[in-house]
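Spelled out from the first residue to the last, the chains are:
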Amino acid sequence: MIRVILPQHLRTLAHVGSEVTIEVDGPVTQSSVLNALEARFPMLRGAIRDHDTLRRRPFLRFFACEEDLSHESPDAPLPDAVASGTEPFIVIGAIAGG
Amino acid sequence: MGGVRVLVGTRKGAFILTSDGKREKWDVSGPHFAGWEMYHLKGSPADPNRIYASQTSGWFGQIIQRSDDGGKTWHQPGTPPGEPVAPGPPKSASNKFAYDASAKPLTTHQWYDGTQHPWEFKRVWHLEPSLAEPDTVYAGVEDAALFRSTDGGENWMELPGLRGHGTGPKWQPGAGGLCLHTIILDPSNPKRIYIAISAAGAFRTDDGGVSWKPINRGLHSQYIPDPHAEIGHCVHHVAMNPKRPNVLFMQKHWDVMRSDDAGDNWKEVSGNLPTDFGFAIDVHAHEPETIYVVPIKSDSEHFVHEGKLRVFRSRAGGNEWEPLTKGLPQKDCYVNVLRDAMAVDSLDKCGVYFGTTGGQVYASADAGDSWTPIVRDLPGVLSVEVQTLV
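Chains as they are written, first to last, in this note's numbering: chain X, 1 to 98; chain A, 1 to 390.
Accuracy of the hints is not assured; some may be wrong.
Reference excerpt, derived from the structure (chain A facing chain X, CB under 7 Å, subset only) [claimed, not checked]:
{"no.": "1", "residue": "G58"}
{"no.": "2", "residue": "W59"}
{"no.": "3", "residue": "F60"}
{"no.": "4", "residue": "G61"}
{"no.": "5", "residue": "Q76"}
{"no.": "6", "residue": "T79"}
Straight-line Cα separation of at most 20 Å, EDC-like style, residue types lysine to aspartate or glutamate; simulated pairs [unchecked claim]:
{"no.": "7", "chain 1": "A", "residue 1": "K72", "chain 2": "A", "residue 2": "D135"}
{"no.": "8", "chain 1": "A", "residue 1": "K122", "chain 2": "X", "residue 2": "D80"}
{"no.": "9", "chain 1": "A", "residue 1": "K96", "chain 2": "X", "residue 2": "D52"}
{"no.": "10", "chain 1": "A", "residue 1": "K122", "chain 2": "X", "residue 2": "D52"}
On the chain A side, residues computed to face chain X include the following (Cβ under 8 Å) [said to hold, decoys possible]:
{"no.": "11", "residue": "G35"}
{"no.": "12", "residue": "W36"}
{"no.": "13", "residue": "S57"}
{"no.": "14", "residue": "L185"}
By construction, these hints were calculated from the structure, which means they are not laboratory data. Backbone N, C-alpha and C fix where the C-beta goes; we use that ideal spot for every residue, glycine too.
This is chain X alone, in the form it adopts within the complex (with noise of 0.2 Å):
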């Protein structure tokens, strides 16, 4: 079970609370849990990342385990701590305050 925090706006689209939880078959990656997260939340596709590239949305970014992992490969495995489900996987608007 992978636990993914979402934005507002985005919790909005896809009429859930501020956490969902998916799961993962396979290696725990970047893609493999965006891939699970819209085939579940279909609303979702093209709001995080481009619909043909998959490249994430250039104002959004990806953290773990106080890391910023918004410019690792989609491909790299996640920490284990985001495989097992203690620590969520948060998908975050690129901007600190304002």
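Fit chain A to the given chain X structure using the hints.
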């Protein structure tokens, strides 16, 4: 007696304002899609319960919303609310606006500095539902292109003939971006569509969108190297009275223009306006020679002239204008009225509506003679459309 439904897009959500035919008391619902930029909402002329909305964000991209019950509930086309979510590939493509790579010649467009720049989709500026088919709707997008959906907004296909016209390398973004902001469907000829792009100009198709031609003869723009060029004019908005579809009125960056031959030729009708810069323009529903504009001070100072919010009306199709001020602030007012933020209803008397960047939505139930604010304190208004309900 019918009623009206006013659809308001703002920088932080959408609002729906409803009234009976007297247009004195209003119900306000919203914000819908709170916190999102709502560039445009428009109802289907063929089914007033069908409304399309463009929801957009620099962070999360483009979302299309649809209501089938007059704005009470909304869903993303292809992802109905409450439907069990099945595993497997995502099926909703309602927010996918992919440029047609087969458009020939496949071009770049001009960037602000004169260099060439690739097309990049940013948002939908304007949604124009078909006059006859509720599931058919057109979308004008930034960077400028025209898309069409024939399945209620679930899937979108570009009409590539427009960018394929070959003048794309001369199109350049205005201050708001390279946007296709105006789409007018000719009620007398289903094959004829007008569009306008800032800053490229106006175009017309007479074959249902397969091929397009620029219709900018008579426009004069000092900010392009050849002021009379075929392409490059910053057209802000175009309006038509459906009962007289060959006559068009245009608010250009500077200059108010009219055409009596479906856009083939234009002449200036700015006349005695205090300034002929502006964004919004519209035509009275029953008097095709009565038109409305809101003059803005200049392209450097995007607010109304002399601190006075004045709608100017011409009953002569231009040239002779009268200020309409009753009920509007006449001092210390520095708002703008954006290009899609004015609309008319078709009741008798004709109602006129506009929204400001200061968050007010004003209504006139007497063709502009007097005005009252329906709401005063919304987020900045991006668009106003009206549905006349029977």
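Review point. For which of the previously enumerated hints does the structure constitute a violation, in increasing order of number?
Key: 8 and 14
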